[in-house]
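Asks: Residue numbers (numbering that gives the first Met the number 0), protein chains in the order written: chain A, 0 to 246; chain B, 0 to 74.
Derived by calculation from the structure, the hints in this document are not laboratory data. Remember, it's a predicted structure, so these values are computed and weren't measured experimentally. A couple of the hints might just be wrong.
Said to hold, decoys possible - Mimicking DSSO-like on lysine-lysine, the simulated pairs with C-alpha atoms at most 27 Å apart in a straight line are:
1. B:K7 to A:K128
2. B:K22 to A:K131
3. B:K7 to A:K175
4. A:K127 to B:K65
5. B:K22 to A:K128
6. B:K65 to A:K77
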Amino acid sequence: MAEYNPFSLIGKTILVTGASSGIGRGIAVACSKMGAQVIVTGRNDKRLEETLMMMAIGEHNKVVCDLTTDDEVTTMVKKLPLLDGVVHCAGASQRIPCKLLKKDDVDSLMRVNFSAPVILQSELMRQKKIRKDGSVVFIASAAADMPSVSNAVYSASKGALISYAKCLALEVASRKVRVNCISPAMVKTDMILRDGIDELKLEEDEAKYPLKRYGTPQDIANLAIYMLSDASSWMTGNNVHITGGVS
Amino acid sequence: MEFNDFIKAFAELFDDTDASEIKAETVFHELDEWSSLIGMSVIAFVRTQFGKAITGKEIRECNTVKDLYETIVAK
Numbered sequence: 000m001a002e003y004n005p006f007s008l009i010g011k012t013i014l015v016t017g018a019s020s021g022i023g024r025g026i027a028v029a030c031s032k033m034g035a036q037v038i039v040t041g042r043n044d045k046r047l048e049e050t051l052m053m054m055a056i057g058e059h060n061k062v063v064c065d066l067t068t069d070d071e072v073t074t075m076v077k078k079l080p081l082l083d084g085v086v087h088c089a090g091a092s093q094r095i096p097c098k099l100l101k102k103d104d105v106d107s108l109m110r111v112n113f114s115a116p117v118i119l120q121s122e123l124m125r126q127k128k129i130r131k132d133g134s135v136v137f138i139a140s141a142a143a144d145m146p147s148v149s150n151a152v153y154s155a156s157k158g159a160l161i162s163y164a165k166c167l168a169l170e171v172a173s174r175k176v177r178v179n180c181i182s183p184a185m186v187k188t189d190m191i192l193r194d195g196i197d198e199l200k201l202e203e204d205e206a207k208y209p210l211k212r213y214g215t216p217q218d219i220a221n222l223a224i225y226m227l228s229d230a231s232s233w234m235t236g237n238n239v240h241i242t243g244g245v246s
Numbered sequence: 000m001e002f003n004d005f006i007k008a009f010a011e012l013f014d015d016t017d018a019s020e021i022k023a024e025t026v027f028h029e030l031d032e033w034s035s036l037i038g039m040s041v042i043a044f045v046r047t048q049f050g051k052a053i054t055g056k057e058i059r060e061c062n063t064v065k066d067l068y069e070t071i072v073a074k
C-alpha cells in the first residue's frame, strides 16, 4: 500500500520570511523535512545560512532582504520562482505602556508586523508568483485578542494582520489560493526575551499554561505544515489559535 | 497614458488571462476571468494612474477595452 500522507509538501516551493531565527526558522526547517523546496529570507545572511544548514537535503535557497524596504522587496520577488506556499513570519515585538508610546514606536512596529507582509504579498501577486491552489500563511499572535499590559501596539499590529488576511482570502479564492493565520500564544524564541522581560516572570507565566509549557517553534511549524499542505484545501480565511490551552 | 500602455497595464490586472487575449476590440466583460474584483482593480488603477474617478456603472457601460480607455481619457 502506498504511504498515506496528506501533509506531504513534496513538489511544493515555499517562501518563508523571518527565517533567520525563531518560528520562521522552525517552519523553514520543518517544511524542508516534509519535502518542500524552501526559500528562506531574512536580513541576516549568516543566520539564514545557519537555517539552510539545519534543513533537510534539497534545493533550498536564501535571499537576504529587508522587507521594510520597498526596492529590496521588488528585487527579491523578481528573483523568486513560482510559489506554492508563502509563510509570512517576519515580525518584531515591543513592550511600551500606552501612555509612553510615541509615533515612531507605533510606526516602526506597524511597519514590520503589518505593512511589510502586506506589501510583500501585493508584490507577490502583482508579479504573479503564487500558483493556483497555493497557500498563504500569516504568523499572527494570540495577543491580538488576549490583551496584556504594554503590548498594545504589538496586539494591534497582529489584529490588523488577521483582518487583512481575511479580506485577502476573499480576493484570491477564485484562484483557489488559500489564506490562513496562525495565532500562537507564547513561543520560546529569542524574541520574547528581548525588551527586558524578566525570565523568572516568564517561568511563572509558563506554569499557568494548562499544558504547563510555552510553545516551541516546532509546535507552530506542525500547524504551518498542515496549512501549506493539501490536507487543508478546504480551509481559508481562518485564524487558528495554538496556545497550550491558555485563553 | 497612451492606449498601448493602457492595454498592457489593463492586461496585468488579470492573473490567468494571457495578455494576447486582450486587444482593443476585446469585450472585456466576456472574459472568463472578468469579475467584480477586477472591476475594483480598474477603479483603483484609474485613480492612481490617471488621477480620475470612474464608477462601476461607467465600466459596465463600456463594451470593449478601447471604449474603456476612451471613457477614462474623456473624463
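Asks: Compare the structure with each hint and give your call.
Replies: Now for the hints, and whether the structure bears them out:
no.	hint	verdict
1	B:K7 to A:K128	holds (18 Å)
2	B:K22 to A:K131	holds (25 Å)
3	B:K7 to A:K175	holds (25 Å)
4	A:K127 to B:K65	holds (25 Å)
5	B:K22 to A:K128	holds (24 Å)
6	B:K65 to A:K77	violated (31 Å)
Hint violations for this structure: number 6 only, all remaining hints satisfied.
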